[in-house]
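Colleague: Given the structure of chain Y, go ahead and fit chains E and Z onto it with the hints provided.
The listed protein sequences derive, respectively, from chains Y, E and Z.
Residue numbers for the first sequence follow this note's numbering, so the first one is 1 and each next one is one higher.
Residue numbers for the second sequence follow this note's numbering, so the first one is 1001 and each next one is one higher.
Residue numbers for the third sequence follow this note's numbering, so the first one is 2001 and each next one is one higher.
Do not take every clue at face value.
Below 20 Å or equal to it, Euclidean Cα-Cα: the simulated DMTMM-like pairs (lysine to aspartate or glutamate) are [said to hold, decoys possible]:
no., chain 1, residue 1, chain 2, residue 2
1, Z, 2322, E, 1373
2, Y, 52, E, 1058
3, Y, 294, Y, 168
4, Z, 2277, Y, 264
5, Z, 2358, E, 1373
6, Y, 118, Y, 160
7, Z, 2322, Y, 327
8, E, 1364, Y, 168
9, E, 1294, Z, 2105
10, Y, 325, Z, 2160
11, Y, 294, Z, 2299
12, Z, 2364, E, 1373
13, Z, 2364, E, 1369
14, E, 1256, E, 1058
15, E, 1052, E, 1373
16, Z, 2322, Z, 2280
17, E, 1322, Z, 2260
18, E, 1024, Y, 377
19, E, 1322, Y, 58
20, Y, 70, Z, 2160
21, Z, 2256, Y, 58
22, Z, 2052, Y, 58
23, Z, 2309, Z, 2171
24, Y, 277, E, 1264
25, Y, 309, Y, 126
26, E, 1325, Z, 2299
27, Y, 322, E, 1260
28, E, 1325, Y, 51
29, Y, 68, Z, 2133
30, E, 1070, E, 1058
31, E, 1364, Y, 369
32, E, 1070, Y, 133
Stretch-level coverage of chain E by chain Y, calculated; a stretch enters the list once three of its residues show a Cβ under 8 Å from a Cβ in chain Y [what the hints assert, rightly or not]:
no., segment
33, 1082 to 1094
34, 1246 to 1257
35, 1294 to 1301
36, 1335 to 1343
37, 1361 to 1374
Looking from chain Z toward chain Y, a few residues come up when the C-beta cut is under 10 Å (computed) [stated by the list, open to error]:
no., residue
38, 2074
39, 2078
40, 2162
Keep in mind the hints are simulated off the structure, nothing from the lab.
A virtual CB, placed ideally from N, CA and C, is assigned to each residue, including glycine.
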Amino acid sequence: MGSMMWGCVTDFFTYETTKSVVVKSWSVGIINRVVQLVIISYFVGWVFIHEKAYQVTENSVESSVMTKVKGFGYQNNYVMDVADYVIPQQGAAIFCILTKVIITENQFQGTCPEYSEKYSCVQDKDCLQHIGDLFSNGVITGVCLNSTIGNETVGRCESEGWCPAENDHVEVKPMLNVINFTIFIKNSVRFPLFDVTRGNFLSTMSRDEIRKCNYHPVDSPFCPIFSVGDILNYTNQDLATLANKGGEIGINIQWKCNLDYVIENCVPRYSFTRLDKPFEKNAISNGYNFRFAKYYMTENGTEFRTLHKAYAIRFDVMVTGKAGKFDTIPTLINLVAAFTSVGLGTVLCDIILLNCLKGAEQYKAKKFEEVSDAQIEASLAHSPVSQLSLKGGIKSSYDSGAISLATSDQAM
Amino acid sequence: MGSMMWGCVTDFFTYETTKSVVVKSWSVGIINRVVQLVIISYFVGWVFIHEKAYQVTENSVESSVMTKVKGFGYQNNYVMDVADYVIPQQGAAIFCILTKVIITENQFQGTCPEYSEKYSCVQDKDCLQHIGDLFSNGVITGVCLNSTIGNETVGRCESEGWCPAENDHVEVKPMLNVINFTIFIKNSVRFPLFDVTRGNFLSTMSRDEIRKCNYHPVDSPFCPIFSVGDILNYTNQDLATLANKGGEIGINIQWKCNLDYVIENCVPRYSFTRLDKPFEKNAISNGYNFRFAKYYMTENGTEFRTLHKAYAIRFDVMVTGKAGKFDTIPTLINLVAAFTSVGLGTVLCDIILLNCLKGAEQYKAKKFEEVSDAQIEASLAHSPVSQLSLKGGIKSSYDSGAISLATSDQAM
Amino acid sequence: MGSMMWGCVTDFFTYETTKSVVVKSWSVGIINRVVQLVIISYFVGWVFIHEKAYQVTENSVESSVMTKVKGFGYQNNYVMDVADYVIPQQGAAIFCILTKVIITENQFQGTCPEYSEKYSCVQDKDCLQHIGDLFSNGVITGVCLNSTIGNETVGRCESEGWCPAENDHVEVKPMLNVINFTIFIKNSVRFPLFDVTRGNFLSTMSRDEIRKCNYHPVDSPFCPIFSVGDILNYTNQDLATLANKGGEIGINIQWKCNLDYVIENCVPRYSFTRLDKPFEKNAISNGYNFRFAKYYMTENGTEFRTLHKAYAIRFDVMVTGKAGKFDTIPTLINLVAAFTSVGLGTVLCDIILLNCLKGAEQYKAKKFEEVSDAQIEASLAHSPVSQLSLKGGIKSSYDSGAISLATSDQAM
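Only chain Y is shown next, with the shape it has when bound in the complex (with noise of 0.2 Å):
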């Protein structure tokens, strides 16, 4: 009993290995070893120096961004300040510079003729057709009532809602004093995984240097304040179009940082799109606007107001990160796929050697012994006496169920 045990001891300390033929040819052996650099090449280089496939990457990044605008521009000959032309005045990271307003002031609840012509009327029932509208200035009625513009008389269907109705085919300058505005932007981002976190501008930056300084891709890449008009320049955006029309320019700031660096070297890479392009070819919804009120009351308590329908340039801040650091399981992944990947060359330089060369066939002898049912049987009706002769000797050279297969692993 206590033998068996030490027997299975025993048997499960010995080392497997796989049993080679080594050919000395120097074509294969080239062969071979080309293979293998190149693979080897392949890993080194690519997956790991270029890919950094040792590191185990972070894309998803906590973000807060705050904006700050300054500039002054006329509009309806007004002077607009940053209280006025920025929607929402929070300081976002989505925001809005107003550049362009068509006023229509001292709106009262009551009904009114529509102003366009699209609602053009005879009698009451050319005006059916338009109940339940949506482009509309309120709920049309139903009814024709007469309308003076400019000098004309002309019949509009009625509407409800907050009258007179709005004009906005009125010709308003756009503001295009936006393009000396300048945009400043705070942005600290955090990479939870990793626990980093970094901001968009050098701690050691003086007060007096962030202000004066003026962001630039090459001179002055870490300087958060942008002027507009630099902007409109890196998006190739034509000032008068955008500021009468409206539109919408992302600023990426990338992050891509190689935490196993020196962490400064972690810093935020700046870019400037223009983010309704792929609808640039549509005729709607070219540009950006919206439409809000200011409410006013009168003595006697009636509310009021002043609609502005706003076109605006909308500046996106949007933050992408990418963070990578070493971390033992890709690093372990990769390494395993590029020796496993070296083993592969073995695949074609059999090919070569069992079939292309000179003696293939003695290779082929050499490298495969073959075993089949037949011998094997008649090995065993022959005689029994050397089965158990081999019992004896072979016994103890295999694993048996479990181990195998750890053993047989080594294979692999």
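Modeller: What follows is chains E and Z alone, placed relative to chain Y:
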């Protein structure tokens, strides 16, 4: 010296391949090939074709969303238009459509009795417990006042702040017209890794096509105009309840792009969910409401306000994107995994061959060659000469040190 | 012809396994098993159990956040409530609580002297340098005016815009009551890959439980109501400084879900950070402030405004999520990597066996079989017959072309 160098070189350019035993047995042969077939099918069918393991995928997408609502509704005998019921007004990705507004007019700073019965009192000391209360309409002063509610005179604690206090238990009819409103969504996305930009409607759509279309999952899946009524249907929401209590609806735009195909197949897919679903069982915070105020000034310069408690349907346009494109690294890793897995079939076949088949012992004798410490020691002791001769004959058949590592990889 | 086909079929259904050398040596056997044990432990313990390499993970989460602030504060002798001090008012994920407001009342469009000493002047030409300045209160006209500041009459450059100019150097007491405010956060997340939706508080919590609870990391980790005072404590912020200068606080909600377990374990974890920390050393942009205006109209229709320079604590509720669930692909890849890595142990053992052990030469003789070009050529030259006989005997022992590739994989 030179010949030693030459010996090293010839040693290096050898090719080492494993010596194999070829078993010509139907049973193991068939099992072997079936196992290989299963593994290959799995990798080809599932891993490569279905899961596209040959692609590098990008999950983070840069997205810009612009929205525009159209429609008119009645609330408190007013006709409300976009400028009145959309908050915030600038067409953001997250916007609210007010559906019910409880208005408290002409609030001035001062002191007044609370409205809610919770703050009823007989003497001042009844109010002391409420000091610091956060659910009141102002700062509780600790004084008990007489208040006229309806025709009754009741005791209510005094609070300091905007007066009179809000009574948010009044019945206000929600704005059911919201069902006819339409939402226009302009979404452009960019996959930074692949530098691919896409918009959510085709550049071939004309202004009229876009204006007249209405999103339908089957008939019109790329129309960017959504009826609020349809959205409520898709999410199985009851208009009356939602308009009365408010709620949050998610409009999800999913971009799932296979960039190995033509870019035109990279299109959005819309889905709609009720976002506050996880909370529907909670009594509190059912729905969605918030307070805001409009500020006015009297002739003599005193500020007063109209408080609005607004119940709203909040729409969150959420964009998720995933793009995949062929890349060598994942392809290689998965190919290597596939090949290696095919090799794993050997493990199973070895177990069968060496344990279950008739003649297993013979197979073992063929597969395994044994060498033990005892044998080695015996040969070392008895024939030091033969060792020498061995040395001469074998010397060139192995690699030394570092090279051995490289050649042994072939066995992996 | 038929027998040739049959020969191919029998050739195909063979099984090829590597011939192995079993070394019955205690030293190498033990090393072999120990190396295998280390590798297996690493994969089981670290890769699979700790890093959960058997799971597919999703990092992008769809999230919806609703917030509600409660509390009253004093500012400029006003009682401020939610409608006054929260911007934007609609309960967004990013919101500001105003803590100090510098008010400039009754601003009309016109021209007036600047306030700041920076714009002091004696004659007009002193003002020319300031034309185009962005830090002024309006457009600098280049004229020098007399201005009464306090009791003194001083020279100040004229600017055009909203007048009178803002004096933001006045001392205003910040609203310290902010410490008692509470923030209610409703967050629902969805992992699109797994279609799992979760809310940040339990559906079993009653209305009263939620109303009365107060978040505490240990005692009450799932309460959705946060005291501003607590948040300042968690982030080590000084109330007086923060309320005076403004600042940005991040409320991070982290969802880390193992979806192989019951869904109830998928709960949020809150953490709090000062977001503008990377900038704390910079003199500029310490804190957080922005300007907004309330617009009024005089009886005769002239617009005027009250400018607010608001210092605020901005709260960014940021949601990050990560969910993992068992998936065959990563499991397979990592299993294969594990098995292959176990095989890598052979490399080490081979080096020891063939170089360091006593009897290394004998082991080499056993492991390696040599075949050289010279031998092959000799055998080809001397016994063309034996080659033929070999052909007959060996022919069926190898696979041709394509099949060889498949069978050779077993060696990988």
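Colleague: State for each hint whether it applies.
Modeller: A quick look at each hint next to the structure:
Simply put, residue 2322 of chain Z and residue 1373 of chain E have alpha-carbon atoms about 54 Å apart, too far for the 20 Å limit, and the pair is violated. Restraint check: the Cα-Cα separation between residue 52 of chain Y and residue 1058 of chain E comes to about 17 Å, which is no more than 20 Å; the hinted pair holds. In summary, the hint linking residue 294 of chain Y to residue 168 of chain Y is supported, as the alpha carbons are separated by about 17 Å, within the 20 Å threshold. Proposed proximity of residue 2277 of chain Z and residue 264 of chain Y is supported: the alpha carbons are some 16 Å apart, at most 20 Å.
At most 20 Å may separate the alpha-carbon atoms for a hinted pair to count; residue 2358 of chain Z and residue 1373 of chain E meet this at roughly 9 Å. Simply put, residue 118 of chain Y and residue 160 of chain Y have alpha-carbon atoms about 17 Å apart, close enough for the 20 Å limit, and the pair holds. Distance hint between residue 2322 of chain Z and residue 327 of chain Y is fulfilled; the C-alpha atoms sit about 19 Å from each other, no more than 20 Å. As the CA atoms of residue 1364 of chain E and residue 168 of chain Y are separated by approximately 93 Å, the hinted pair breaks the 20 Å bound.
Between residue 1294 of chain E and residue 2105 of chain Z, the direct Cα distance comes to roughly 17 Å. Compliance with the 20 Å bound is thereby established for this hinted pair. In summary, the hint linking residue 325 of chain Y to residue 2160 of chain Z is not supported, as the alpha carbons are separated by about 54 Å, beyond the 20 Å threshold. At most 20 Å may separate the alpha-carbon atoms for a hinted pair to count; residue 294 of chain Y and residue 2299 of chain Z meet this at roughly 16 Å. A C-alpha spacing of about 14 Å is found between residue 2364 of chain Z and residue 1373 of chain E, which places the hinted pair at or below 20 Å, so the restraint holds.
With a CA separation close to 13 Å, the supplied pair residue 2364 of chain Z and residue 1369 of chain E stays within the 20 Å bound. Restraint check for residue 1256 of chain E and residue 1058 of chain E: satisfied, since their Cα atoms lie roughly 10 Å apart, inside the 20 Å limit. With a CA separation close to 51 Å, the supplied pair residue 1052 of chain E and residue 1373 of chain E exceeds the 20 Å bound. Proximity of residue 2322 of chain Z to residue 2280 of chain Z is assessed by CA-CA distance (about 31 Å); at most 20 Å being required, the pair is judged violated.
For the proposed pair residue 1322 of chain E and residue 2260 of chain Z, the alpha carbon gap of about 24 Å is over 20 Å, so the pair is violated. Restraint check for residue 1024 of chain E and residue 377 of chain Y: satisfied, since their Cα atoms lie roughly 12 Å apart, inside the 20 Å limit. Annotation: proposed proximity of residue 1322 of chain E to residue 58 of chain Y holds, straight-line Cα distance about 16 Å (limit 20 Å). Proposed proximity of residue 70 of chain Y and residue 2160 of chain Z is supported: the alpha carbons are some 15 Å apart, at most 20 Å.
Note on residue 2256 of chain Z and residue 58 of chain Y: the hinted pairing holds, with a Cα-Cα distance of about 15 Å set against a maximum of 20 Å. Using a Cα cut-off of 20 Å, the hinted pair residue 2052 of chain Z and residue 58 of chain Y holds, with the two alpha carbons roughly 17 Å apart. Restraint check for residue 2309 of chain Z and residue 2171 of chain Z: the C-alpha separation of about 13 Å stays at or below 20 Å, so the hint holds. With a CA separation close to 16 Å, the supplied pair residue 277 of chain Y and residue 1264 of chain E stays within the 20 Å bound.
At most 20 Å may separate the alpha-carbon atoms for a hinted pair to count; residue 309 of chain Y and residue 126 of chain Y exceed this at roughly 28 Å. A distance of roughly 65 Å separates the Cα atoms of residue 1325 of chain E and residue 2299 of chain Z; the hinted pair therefore is violated under the 20 Å criterion. Restraint check: the Cα-Cα separation between residue 322 of chain Y and residue 1260 of chain E comes to about 24 Å, which exceeds 20 Å; the hinted pair is violated. For the hint linking residue 1325 of chain E to residue 51 of chain Y, the alpha-carbon distance of about 16 Å falls within 20 Å, and the restraint holds.
Among the hinted pairs, residue 68 of chain Y with residue 2133 of chain Z is consistent with the structure: their alpha-carbon atoms are about 16 Å apart, no more than 20 Å. Our distance criterion of 20 Å between C-alpha atoms is broken by residue 1070 of chain E and residue 1058 of chain E, whose separation comes to about 35 Å. A hinted pair counts as satisfied when its Cα atoms are at most 20 Å apart, and residue 1364 of chain E with residue 369 of chain Y qualifies at roughly 13 Å. A threshold of 20 Å between alpha carbons decides the hint, and for residue 1070 of chain E with residue 133 of chain Y the separation of about 10 Å falls inside it, so the pair holds.
Only residues whose C-beta sits within less than 8 Å of a C-beta in chain Y count toward coverage, and the segment 1082 to 1094 of chain E has 8 of them, enough to reach three; the restraint holds. Coverage of the segment 1246 to 1257 of chain E by chain Y is violated in this model, with 0 residues showing a Cβ closer than 8 Å to a Cβ of that chain against a need of three. Restraint check on the segment 1294 to 1301 of chain E versus chain Y: 3 residues with Cβ-Cβ distances below 8 Å, three needed, restraint holds. Here the segment 1335 to 1343 of chain E counts 5 residues with a CB under 8 Å from a CB of chain Y, which clears the bar of 3, and the coverage holds.
Residue count for the segment 1361 to 1374 of chain E with a Cβ under 8 Å from a Cβ of chain Y: 10. That meets the three needed, and the coverage hint holds. Hint status for residue 2074 of chain Z: violated, given a least beta-carbon distance of 22 Å to chain Y, over 10 Å. Contact between residue 2078 of chain Z and chain Y, as hinted, is not supported at the beta carbon level, the nearest pair being about 19 Å apart and thus beyond 10 Å. Using the Cβ-Cβ criterion of 10 Å, the hint placing residue 2162 of chain Z at the interface with chain Y is satisfied: the shortest such distance is roughly 6 Å.
Going down the numbered hints, you'll see the structure goes against 1, 8, 10, 15, 16, 17, 25, 26, 27, 30, 34, 38 and 39, while the others check out.
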